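Q: The chain contents come next:
2 protein chains.
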Amino acid sequence: MTTPTLIRNGVDTEQVYGTLDALKAQPELARFVFRATNRWMDGTHSRTTIQGFWGAGQEDSSRDEPFEVDASEPPILFGHNEAPNPAEFVLHALAGCLTLTIVNVAAARKVTLTEVSSTLEGVLDARGATGLDDAYRNGFERINVGFTLKGEAPAEKLQEIVERAKARSVVFDIISNPVPVDVYAEVG
Amino acid sequence: MTTPTLIRNGVDTEQVYGTLDALKAQPELARFVFRATNRWMDGTHSRTTIQGFWGAGQEDSSRDEPFEVDASEPPILFGHNEAPNPAEFVLHALAGCLTLTIVNVAAARKVTLTEVSSTLEGVLDARGATGLDDAYRNGFERINVGFTLKGEAPAEKLQEIVERAKARSVVFDIISNPVPVDVYAEVG
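One line per chain: the protein sequences are A and B, in this order. In terms of the numbering used here, the first sequence opens at residue 1 and continues consecutively. In terms of the numbering used here, the second sequence opens at residue 1 and continues consecutively.
Because the hints were derived from the structure by calculation, they are not lab data. Model, not experiment: these values are computed from the prediction. Certain hints may be false.
Under the rule of at most 16 Å between Cα atoms (straight-line distance), these lysine to aspartate or glutamate pairs were calculated in the EDC-like manner [stated by the list, open to error]: (1) A:K150 to B:D42; (2) A:K166 to B:D134; (3) B:K150 to A:E186; (4) A:K157 to A:E115; (5) A:K24 to B:D133; (6) A:K24 to B:D134; (7) B:K150 to A:D42.
So that you can see chain A by itself, here it is in the shape it has in the complex (with noise of 0.2 Å):
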């Protein structure tokens, strides 16, 4: 007789408690390097190529192809919109890994979400980055995020699954807190 596979909001949960048992029996799996490469196209034009990545004690190989990413920016930033500027990427980063992590929590404690969405806002004052005036930071001075959550659950306990979210998103963490960044060039 075989285990019935639990599949809830799309997430395998069995898979998900078979990874939490081997990260408690081998620690050491628990070490990612994601990674990405980049180069420049022309004017703000450029374009980002992700595939492999060290995660669970080995080289990742489950992608076939690359995935290939542009970023650029509009014209009154210089640029022809070939594609979302990076601040937009941030807020896309954020969205994307705050509605994973509510899904997987929703799953882990037995909810059936039937809506996530989320609308982010992301505020900068330009006179920081163009050098006007050092009053002002370079990024976001603050971040707005708005969820709706829909699900077969009470009011309370849906609130509560946003709650360990934020307390356990990868990106979250990186935008609220300081994350060290060493930038090294090779000119010629």
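Assemble chain B onto chain A, guided by the hints.
A: For chain B alone, kept in the frame of chain A given last:
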């Protein structure tokens, strides 16, 4: 007689200086509000739509069509590789921002670039985000960025351009320093 347009590295430097003059004269034009909306698809997979933003004193209308960008996870992280994962999008945002800032700074300093490429690594221990061990943070412990920069200038000047870009990059600041993130959820 018209003034000739000066394009360097694909950047219209006359436009850049015109914008800086306008910001000096009317600092309220410097306020930008970028936006993204996201919708959960299934499992770890979600889709972000990016189109309008507020900037330079008005709602931008330069994008006829919205950009759509997906995020998900590889199988080891419970997804199906529908798209890069949110942590990889953080690396993409950082690469795109540092690169276009390098290009803009070089244009302003009259340096013609011939190559800007980069490789990025973000390291994390999944014992944090999984809640297995609070000694580990959820997000990246550190990010390493390696640039290759080629252009028509001495090595020292190219290094200075990278340093200036690091000091002025919107996304470098967002990741290196804390950004307040307010998360609100309407549930039901």
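Q: Kindly indicate which numbered hints from before are broken by the structure, ordering the numbers from low to high.
A: Result: no hint breaks.
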